[in-house]
Amino acid sequence: MEPVTAQVLAKDRVGEWIERLMAEAEVIAPVLAHGGDEVFAPIRSPGEVLWEFTNPVHPPKRFLLPQTDPVVAIRRGDNGYELEAIVDERRRVLLNVRSCDVAGLAFLQHVHAADLPDRSYLERAAATTIVCLSCPDPCPLGFCICSGAGPFAREGYDLQLSDIGDLLLAEIGSERGGELLAATDGFFRPATLAEMAQRQQLEEKAKQLLSEQTCHFASAMRRVSTGRVAEDLWRKMSDWCLECGACNFVCPTCFCFSVKDRHNGDGWLRCRTWDSCQYPAFTLEASGHNPREERRDRIKRRFFHKVSAQYYQRDGMVGCVGCGRCVEVCLGTTDMPAVVAAIRKGEWHG
Amino acid sequence: MTVVDAVLTACPFCPCGCGLYLQCDDGKPSGVAPSRHHPISQSRLCARGWGAHEAPAWGERLTEPLVRRAGGLTPVSWGEALDAAVSGLNDVRATGKAVGVLGSARATNEENYLAARLARGGLGTGDLDSCLRGTYLPLARGISRGSGGRAPQGSLVEIEESEVVILFDGDLARSHPRAAFAVMQAVARGARLVTVSCLRTQLARLAATHVRVAPGGQQEVVAGLIASVVEAVAAESMTERRAPEPAAEMAEDVKEAGRWYAQAERASLLVAPEAAVGNSGEALGFALASLSQAAGHLGRAGSVVLPLPVRWNLRGACEMGVGPDVLPGLRPLDDQAALDRLARAWGRPPASPVGRDAAAMLGAVGGLLVVAEDPPSPLRHERAAREAMSQLDCLVVLDAFMTPTVRAAHVVLPIASHAECEGTCTSADGRVQRVRPCASPPGSARPGWLVLAELSARLDLPSQFGSAGEVLAEICHVIPAYQGLDHRALDHGWGAVVAPKSDARPVESFPQVAGAQRAAGDGSYLLTLDGVFDWGSDPLVALAPTLSRDFVSKRKLFAGGFLEMCSEDAEALGVRPGWPLRVKSRHGEATLPVMVRRELEPGLLLVPFAFREQAEGVLGGDDVVAVQATRPAG
Amino acid sequence: MDSLFLPGVARILDVRDETPDTKTFRVVLRDRAAHDGFEFQPGQFVELSVFGCGEAPFCIASSPTRPEYLELTVRRAGQLTDALHRLGAGDEIGLRGPCGNGFDVAAAAGKDLVFVGGGIGLPPLRGLIWNVLDQRERFDRVTVLYGARTPNDLVYKDELKRWAERSDVEVLVTVDRGEPGWDGIVGMVPVLFDRTELHPRTSLAFVCGPPVMITFVIQDLLMRGFADHAIISTLERMMQCGVGKCNHCAIGHRYVCRDGPVFSYSQIKELVE
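Chains as they are written, first to last, in our numbering: chain A, 1 to 350; chain B, 1 to 634; chain C, 1 to 273.
Calculated from the structure, these hints are not laboratory results.
From a predicted model like this one, the values you see are computed outputs, not experimental measurements.
Glycine included, each C-beta is placed from N, C-alpha and C at the ideal position.
Each hint should be verified, as a subset may be incorrect.
[Claimed, not checked] Covered, in the sense of this in silico footprint (three residues per stretch, anywhere, with C-beta under 8 angstroms from a C-beta of chain A), are these stretches of chain B:
hint, segment
1, 52–63
2, 131–143
3, 166–179
4, 336–349
5, 541–555
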């Protein structure tokens, strides 16, 4: 076990600390919306922030990768068109993000930095501070332990908070995290060994609660990577999918998009917009040819991207952080654990 | 509590009644998020729901009032436009010609109510309709009459708990995904699903029994089901007495389905809209109510009898009185109590003649006020409707989006889209929900209720509404079923459910269920239209970049139309996808390219509703025709 | 770091009609330095913007040996290409790229080259053909085989003639359906294989065209003794970003826009949906 440098903050001073954060950046945290819905949203006061909550169904990825994301402004000038890349460097703090979402953001960071770096994502990410809130009570649908993404984050955060009674323990995950603590001098003090041990106990307890392996990626990966999943199985599954695309949209690691121009005054905004590989025309070519016309081929594609060894090698992790959101939103029954189980067993319940 | 950058609103596409958050960025709708605790959607949304922000942000929007001058639509002030609309309609009336009003399934309850109020109260006309009413109201009315007003009953969520689901399927997975999910959930939990359809749809593939019917043949199946239920019930409860003679030649699958239905504690009857039901909707509805009653499901908690309107607020539009033969609240035109109630609220007695329906109105009226609709798109005879629209002396159109009807208008009044307006809508299962704005309307566009109220005032119909809420207050005052609406639930909860109409008349006797008109056996194939509504013609889909790609792409590739058949038939005829096929009926013939669709039963040819004009020569106004199909020479 | 999505503005110098639905656009980047710095390989593509309509990928049809302009041959097949076809000399478009891998010209040195094009599949090969002809001495025999549906659908008719007139190039053209006035060969592209002398062991075959044509041609070449790695083709997929991010053009874990569009047949065989 590596030594963890950590500090603690008295809970009754959290509000003040958040106010400090709000003075420097837009603070985004889980809050209650209509009818008790938990959502990530910019806060107006520290009191809105939720500390005990079911992880919002809509992940915080939209603050780094919005559903409609303007990337280029196109204007007609006196001497022809004028184009300008749109860069969003607004400082943001994502507060109380769970470890699964931290892993998801790390995944997105990786894919946008790899090969040709995507500046519009990376600059937004660079201006964003990630404060994780560890999960002592695992959520009912989550299976983060199966993909190593929780219940406590191991990397990808600037700070990780753990609730240890009257105190919040803050682990520093990055230089920026350290600076954040240094800048708020007087709020935090170094954690004692006893406090560190308390945090450790929380993690052990949470892991025990999650100990049942519910999503066996390894065996699914072997079959998916080598094409050893019967076509008929994909076909059967496809009857239980209503191709809503929600699994993509709420997935912390999904990032497929299209590029389109939207009217904006006299010119246009070129926008990157969320797209779903489950939509029938995702691969439709201008000629009318569509290599993935059948829904079963699209489902197969989704799970190849998520759990194949080929992508595992490329991205360094399976494309699933075990947040369980696809289980919650699936307009059908083809969520990650269900499909992984079907691949492993070679049969579908239907 | 509200969050900074999103509002909870009702999904604006199908009538399942899902809730969603519309996000707004830089003054424009920019995204969608699901609602975890919404009782219908429960964290889920279909592809259309996920694209609810697109059309308002990306589509061609109307931003200023326009009046036709010297052939072109010219921007004018709101005052000029409203005056032009009113004087245009009044001029038509002065020449003795009729004026009509069209509400819309795409408009809120408030807009539809004010449209009905303006027609019967302001213009004194009964020529009042919405183009899709005929696909829903007869069915709902038949169910209501057959059940003594106790049905339609049940909610989409209750379907999930059913032990037996009988689904009269158009293609629910495409038309009403949330309802299809409910059916899927029921099956996953062990329910027996019976699908009745001329298509082997996605849900049919999950069914315990799929009853294959010819297009328009649902009533025979219902009759068979009733017979089976009666037999099953008799066998159970009348063991002493002699059970009735089993119905002759009842198909075994129907018989078994009837038994399941009769024996289930909780069972659902679901009707997806289908073109071929046509005018027999009321009889079918009555028969369905009888079926439910015979099996003891009528009025039973947990059992569902639900017809699904084809589009968003179709149920609401009907209930607001948008129809040629009803008053608000679906009251008959001779209901004196309702007339008195309306007269007191309006300060003027409503005109109560029976008017013309949407199709008959076009071509008969000289002036027309259209709210949020491109009438030819949903009407069966598009070309004739379009022609009739172009002949109008005065066409006033309220819409948020540019449509062909807007291009033909004399006066264009730009209104807020679903993303910018306040109001309510009513779902298939009677849940009234708030529509909330996430952005301001573009340019000088105004809320539809406000524009209709201003038009009404100019027609000397007292209309002092300060907000959409005040319109709803009047609705709740004059429509008994809406009287008890729980406003707390509307504002802070997830909407309020309207009770089944308590003031329905007693069960009426109804003629025996008649067999659907069968096509004469002079051909080897049956040809019919697929669907009664084309999402591709709906601006919320057509103007949304992602949605139009996925829902309209095939239409774009074969812009001249196509017909669909199963691969067995295509093989037998020796045609490949894209090849032309000649179809010939007693009315005439047409040649269209073939597309293969595995959902079709052998012997059935489908033409998408969008291409009904291309097949009109063959259909000759019928819903189903027998055709000979051949490969054209050469 | 520049934005991956920021196009350069390019001016249309000239538009030529190739067929009733296909035009060739000659363009330069408006910024002279950007134009001079625009280095590409034949077979690479650009993301072409028609402002207001978005962007779409098109293979560069000109040769890097003729750097004073870029040429793009575009068939009208949708909203963006409709809008592009309405533009003329002096109008501005956006160009982003070059994208993709391109043909490996160096690896072709000393070999016999067989170019097999079908319909609108000739443009990607054209840049390579000019590239080869402009340094003709580096290669052995050069054969251009081209087919289209009808004589009307043949692109680069003048250039085909000019190439045919050269003694160091063999050019054979066929059409699926002849028309009055067509006295050339009639039949699908593979009929041309019997009319020329193929040297499978010393040749590289470059195949571009509609997916069905590519399939047939590759099967034919294999039967005639071409090795998998000696058959080089381009794959067409729906693309959005052109930079390996958007996932539209993924086949397995390969991306047509980054790993392709040029693939050898041995690579194509490895691609699994």
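Against the structure, the hints:
Closer than 8 angstroms: that is the beta-carbon criterion, and the segment 52–63 of chain B has 3 residues meeting it against chain A, so the requirement of 3 holds. For the segment 131–143 of chain B, the assignment as covered by chain A is violated, since 0 residues bring a beta-carbon within under 8 angstroms of that chain's beta-carbons and 3 are needed. With a cut-off of 8 angstroms between beta carbons, the segment 166–179 of chain B has 3 residues touching chain A; three or more are needed, and the interface restraint holds. Given as covered by chain A, the segment 336–349 of chain B fails the check, having 0 residues with a CB less than 8 angstroms from a CB of that chain where 3 are the minimum.
Counting residues of the segment 541–555 of chain B whose beta-carbon sits less than 8 angstroms from any beta-carbon of chain A gives 5, enough to reach three: the coverage restraint holds.
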